[in-house]
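Respectively, the protein sequence lines represent chains A and W.
In this text, residue positions in the first sequence follow the working numbering: the first is 65, and each later residue adds one.
In this text, residue positions in the second sequence follow the working numbering: the first is 99, and each later residue adds one.
Please keep in mind that the hints were generated in silico from the structure rather than gathered at the bench.
Any given hint might turn out to be false.
[To be verified] Per label pair, the in silico range of CB-to-CB distance:
no., chain 1, residue 1, chain 2, residue 2, range
1, A, Asp-188, W, Phe-232, 48 to 58 Å
2, W, Val-295, A, Ser-198, 45 to 55 Å
3, W, Ala-236, A, Gly-185, 51 to 61 Å
4, W, Gly-106, A, Arg-121, 22 to 32 Å
5, A, Asp-188, W, Gly-106, 28 to 38 Å
6, W, Pro-145, A, Gln-156, 33 to 43 Å
7, A, Ser-198, W, Glu-318, 52 to 62 Å
8, A, Gly-185, W, Ala-331, 51 to 61 Å
9, A, Pro-172, W, Phe-280, 48 to 58 Å
10, A, Asp-88, W, Ala-331, 20 to 30 Å
11, W, Arg-265, A, Leu-363, 35 to 45 Å
12, W, Ile-339, A, Arg-240, 48 to 58 Å
13, W, Leu-324, A, Pro-172, 43 to 53 Å
Predicted, not measured: the structure shown is a model, and the values here were computed from it.
All C-beta atoms, glycine included, are put in the ideal place defined by N, C-alpha and C.
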Amino acid sequence: MNRRAVLEIEHLKKYYGDVRAVDDVSFKVAEGEIFGFVGPNGAGKTTTIECAEGLRRPDSGRVRMLGLDPRADGRRLKERLGIQLQETSLPQRMKVGEALALFASFYPKSVDRPTLLKQMGLEDKEGAYFDKLSGGQKQRLFIALAMINDPELIVLDELTTGLDPQSRRSMWDLVRGVRDRGRTVVLTTHFMEEAERLCDRVAIIDGGRLRALDTPSNLIRAHSAENRVIFSAEAGFDPGRMRTLPRVSRVERDGERIIAYGSDPKMVVEVVNYLGANDVPFRDLRTEQASLEDVFLALTGHEMRD
Amino acid sequence: MTTLRGLGQLTRMEIKLYFREFFAVFFNLGFPLIMLFLFGSIYGNTPNPFFGGYGSVDVLTPAYLAMLIGTSGLLTMTISVSTYRELGVLRRYKATPLSPQTLLFAQLLAVFLMLVLGVVLLLVCAKLIFHLRFNGSALSVTGAFLLSSLSFFSLGFVLAGLMPSARSAQAAAMIIYFPMLFLSGAAIPREVLPAAVRRVAQVLPMTHVVNLLRGLWIGEPWGRHLTEVLVLAAVAAVGLIVAVKTFRWE
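Given only the sequences and the hints, what does the whole structure look like? Please build it.
Shown next, in the form of C-alpha cells:
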C-alpha cells in the first residue's frame, strides 16, 4: 500500500461514561480505495468516523484526514470532504433542488447539479418537498449532498440502509464510479455482503475494537472460512465415506440434513460428482460460499445481530 | 466569501421556509394585524383621557410591537432551533464548512427580518387606516426595539437549550408566552387590567417591553424608563450566558 494515506487514525479512544465506544483503534486509509467499516449496530463505527470528521471530540488518539487535524482545521477539511450522516434530516418544507443549491453555496466549488440529480435518480424530484420523499429518496438526496462539492474523500455512514435491493446495487455502482475517478470512499455498513462485494479493504469492528483489517478475500482465507454444500438424504445414507474426498474437510449430519465443508470452492463439484456417481438420492441441495459473515463469527464468537 | 454567500443563502432559504408554514405566518404577521383591526374598528383612534389623551391605536400599536417581539423570540426562535436540533438538521449543516456561528446567526437573522416585516406591516396599517400618532424619536424607539429583541431572542435560545425535546420546548414556550402576552399589556391595554394583576405582571419581561415602547412612543425620556432598560439588559445578559452554556447541537 504505497499510495498516500488520506485518513490516519492512531490509538483513537472515545468513552461514553463506562461504555468504551471506541477502544484504541488505529488504521490508515489509502487514496483511491473503498474502505469499509463493518460491524453490528453499536460497534463503534459511527463514533470512529465522526471523530475522524471532527464532529465528535475523541478522548485520546490522533486523527489526520487529508493531512489535516479535523478539530483545528475543520473548515478547510470540510471543504474537501463529503459527509453523509446517519440520523439527520433537512427542514421538512425544503425542496430537493433548493437543498442542493443551498449546500452548493457553502463550498468554494460545486458539481453540476442537474447531472448529480440524474446520477442519483432524483431528476423528477427537483421540486419535491423533503418530507414528501420516500426513505430511499431521502437517502439518495443525502448522498447527493455529500457529493455536491466534488470531494476528495467521501464518508458514507450506512449508505444503503433503507434502500431496496435494486437501489442498493445502483448505489454500489455509483460508489465504484467515485473510486474510479480517483476519489477515496470510507463507508460503514452492517451488511456483510455489501462490504464483501463493494470494499477494497474491510475493517471489522466489534465492541469498540478493531478485530481485523484486510481485503475481503484475504480475510476469508486467513480465517479459513469454509464453503458448504448442504443437502438432505435418506436415513440410510452414510456420509462418512464423503470424508475421503480430497477437498472435503469434514461432514456433519443432523437428521436428514448433511453439511460438507471445504475451503476450496471446487469441493462443491466433488461432492455433487460423488452424489451422482454413487446414485445417492438427495433433495434440497444448496451451496453456501465462505463469506465475511463467517469471518465475523470466527473473530468475535457471535453472529452479526439485527 | 463563501461565509457571506452561505449566510445569505441560508437566511434567504429560512425566510422562504417560513412562508411555507401557515402557523408561523399567521402568528407572526397576521395575529397583531387582526388585533389592530379588531380594536381599531371598535374603539377608533380618537384621543381619550383613559389613555392619557391618546387614541387606543396609539397605545396599542407599541404594545403590539412587544407582542411581535415575544412571538418571534419565544415562539419562532425556540421552536425552530429545538426542532432543527431534534431532526438532525443542525448536525447536517455542521458537517459543511459553514461555521457554527454563521449557521446560528442565519437562523436568528431570518427570524429577525420576519419580525421587522411584521413591524412594518403593523405600522403601515395603523398609520394608513387609523392615523396612528407618533411623538417620540424614531432612533430611541428603534434602540428600545433592538434591546427588547435581544432579550427575547436570547430567552428563545435558553428555552431551546434547557428543554430536552422539541415538544417540551414548544410546550414551555407556549406556557410562558401566552399568559405573559395577556398580563403584560401587550395584547390588551394595561389600563383595563386590575391593579393587582398589573403589580404581579411587573415580574414579566414583556411588561417592561410594553412600558418602555409605549413610553418612548409618546416622547417620554429614557430617564423615566431606567427600570425597564435595566431589567431587559439583565435578561439579555443572563439569557445569552445561559444560552451559550446550554446550547446543544444534537
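How the hints compare with the structure:
1. Our hint of 48 to 58 Å for Asp-188/A and Phe-232/W holds, since their Cβ atoms are close to 54 Å apart.
2. A C-beta distance of roughly 53 Å is found between Val-295/W and Ser-198/A, which places it inside the suggested range of 45 to 55 Å.
3. A hinted range of 51 to 61 Å for the beta carbons of Ala-236/W and Gly-185/A is consistent with their spacing of about 55 Å.
4. As the Cβ distance of Gly-106/W to Arg-121/A is approximately 30 Å, the hint placing it in 22 to 32 Å holds.
5. Asp-188/A and Gly-106/W have their C-beta atoms about 29 Å apart, which keeps the hinted 28 to 38 Å range intact.
6. Our hint of 33 to 43 Å for Pro-145/W and Gln-156/A is violated, since their Cβ atoms are close to 49 Å apart.
7. Between Ser-198/A and Glu-318/W the Cβ separation comes to about 60 Å, which falls inside the hinted range of 52 to 62 Å.
8. The supplied range of 51 to 61 Å is met by Gly-185/A and Ala-331/W, whose beta-carbon atoms lie about 55 Å from each other.
9. Evaluation of the 48 to 58 Å hint for Pro-172/A and Phe-280/W yields a pass: the beta carbon distance comes to about 51 Å.
10. In this structure the hint that Asp-88/A and Ala-331/W lie 20 to 30 Å apart at CB is violated, the actual value being about 51 Å.
11. Between Arg-265/W and Leu-363/A the C-beta distance comes to about 43 Å, which sits within the given range of 35 to 45 Å.
12. The hinted window of 48 to 58 Å between Ile-339/W and Arg-240/A holds, with their beta carbons roughly 51 Å apart.
13. The hinted range of 43 to 53 Å is satisfied by Leu-324/W and Pro-172/A, whose Cβ atoms lie roughly 50 Å apart.
Consistency note: the structure conflicts with the earlier hints numbered 6, 10.
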